[in-house]
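Asks: Work out the full structure, taking the sequences as your base and the hints as a guide.
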Amino acid sequence: MSSYLAIGVWPVVREQGWGLLPFRGDKVHYFHRGALTAEGGRFAYSTCGMRGAETVQVPLLVPGNFPRCRRCADALPAFKRYA
Numbered sequence: 018m019s020s021y022l023a024i025g026v027w028p029v030v031r032e033q034g035w036g037l038l039p040f041r042g043d044k045v046h047y048f049h050r051g052a053l054t055a056e057g058g059r060f061a062y063s064t065c066g067m068r069g070a071e072t073v074q075v076p077l078l079v080p081g082n083f084p085r086c087r088r089c090a091d092a093l094p095a096f097k098r099y100a
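Counting in this note's numbering, the sequence shown runs from 18 upward without gaps.
Accuracy of the hints is not assured; some may be wrong.
[Stated by the list, open to error] Ranges between beta-carbon positions, derived for each pair:
hint, residue 1, residue 2, range
1, Phe-60, Ala-23, 17 to 27 Å
2, Ala-55, Pro-94, 30 to 40 Å
3, Ile-24, Thr-72, 13 to 23 Å
4, Pro-94, Val-73, 25 to 35 Å
5, Ser-20, Leu-53, 29 to 39 Å
6, Gly-57, Arg-87, 29 to 39 Å
7, Tyr-21, Val-75, 15 to 25 Å
8, Val-30, Gln-74, 18 to 28 Å
9, Ala-55, Val-29, 13 to 23 Å
Simulated from the structure, these hints should not be mistaken for lab results.
Cβ atoms here follow ideal geometry from the backbone N, Cα and C, with glycine treated the same way.
Replies: Laid out in structure tokens, this is it:
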């Protein structure tokens with residue numbers, strides 16, 4: 018069992034930032050929210066290329082102490098890496 022903890026649900030007003038997409042790996046990615054889905058959710062695209070969708074039942078999570086994706090961190094400018 019891992020010792021990582023996700024804090025809660027991503028705020029609705031946030032358009033980009035570090036987040037965890039449930040059931041899609043064990044690392045935190047830098048996501049950008051995209052277009053609306055047919056079910057009322059939103060598509061989410063990470064800087065490293067991971068794609069997914071969030072809905073009311075399965076939202077993006079606040080990362081907590083999960084490890085960050087190295088490819089996402091390297092793709093971001095230095096001032097955004099640790100924001």
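Asks: Against this structure, judge whether each hint is valid.
Replies: Taking the hints in turn, this is what the structure says about them:
| no. | hint | in the structure |
| --- | --- | --- |
| 1 | Phe-60 / Ala-23: 17 to 27 Å | holds (20 Å) |
| 2 | Ala-55 / Pro-94: 30 to 40 Å | holds (34 Å) |
| 3 | Ile-24 / Thr-72: 13 to 23 Å | holds (20 Å) |
| 4 | Pro-94 / Val-73: 25 to 35 Å | holds (33 Å) |
| 5 | Ser-20 / Leu-53: 29 to 39 Å | holds (36 Å) |
| 6 | Gly-57 / Arg-87: 29 to 39 Å | holds (33 Å) |
| 7 | Tyr-21 / Val-75: 15 to 25 Å | holds (18 Å) |
| 8 | Val-30 / Gln-74: 18 to 28 Å | holds (20 Å) |
| 9 | Ala-55 / Val-29: 13 to 23 Å | holds (19 Å) |
Every hint, counting from the list given before, is met by this structure.
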